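**Student:** Sequence:
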Amino acid sequence: MEINEALLNPSRHEEEEEEEEEEEEEEEEEEEEEEEEEEEEEEEEEEEEEEEEEEEEEEEEEEEEEEEEEEEEEEEKEEEEEEEEEEEEEEEEEEEEEEEEEEEEEEEEEEEEEEEEEEEVVVVEEEEEEGKKKNEKEYNGIQWTFKQQQIY
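Sequential numbering from 98 applies to the sequence shown in this note's numbering.
Please note: incorrect hints may appear among the correct ones.
Label pairs and their in silico Cβ distance ranges [stated by the list, open to error]: (1) Glu187 - Glu215: 36 to 46 Å; (2) Glu140 - Glu176: 45 to 55 Å; (3) Glu212 - Glu190: 26 to 36 Å; (4) Glu137 - Glu117: 28 to 38 Å; (5) Glu173 - Glu200: 33 to 43 Å; (6) Glu172 - Glu208: 50 to 60 Å; (7) Glu203 - Glu176: 33 to 43 Å.
FYI, nobody ran anything at the bench for these hints, they're computed from the structure.
All values reported here derive from a predicted model rather than from experimental measurement.
Backbone N, C-alpha and C define an ideal beta-carbon position, used for all residues, glycine too.
Let the sequences and hints guide you as you build the complete structure.
**Tutor:** Given below as structure tokens:
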């Protein structure tokens, strides 16, 4: 006949129960630790993802800045080119003005020369007229005296 061991050796039965309880507690602790580890791993993954996102954002910002700098450089180049073109146009205009002034001066000189020539022609004509009149007077005078002499 078997006798219930718990009745014969109550302290051993208590020990077994305690051991079982301890084992259960240890298992629970292990489960909790595993859960905590999982949570930590998840948190780490989330942090890594966040870091990656931040890095991506920083890269995007850097790219945008580079693009802006390039655009600014292009704008500056365009402005410089425009300024150079304006300067060239101004120089051309100045040259044209100088040429026009030179042409005007030449025309004025030509006009002055023409006027001088005309004045000379007029003077020569006047002198010729005076010479003719003088000659006529002298001729008429000679004729008059000749007629007078014939009369006497």
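**Student:** Look at each hint and say if it fits the structure.
**Tutor:** Verification of the supplied hints:
Take Glu187 and Glu215: their Cβ atoms lie about 41 Å apart, and the range 36 to 46 Å holds. At roughly 53 Å, the beta carbons of Glu140 and Glu176 sit within the given window of 45 to 55 Å. Range check, Glu212 to Glu190: about 32 Å between beta-carbon atoms, so the 26 to 36 Å window is met. At roughly 30 Å, the beta-carbon separation of Glu137 and Glu117 lies within the given 28 to 38 Å, and the hint holds.
At about 41 Å, the CB distance of Glu173 to Glu200 agrees with the hint of 33 to 43 Å. As the Cβ distance of Glu172 to Glu208 is approximately 53 Å, the hint placing it in 50 to 60 Å holds. Between Glu203 and Glu176 the beta carbons are some 41 Å apart, a value that agrees with the proposed interval 33 to 43 Å.
Against the hints set out earlier in the document, no violation occurs for any number.
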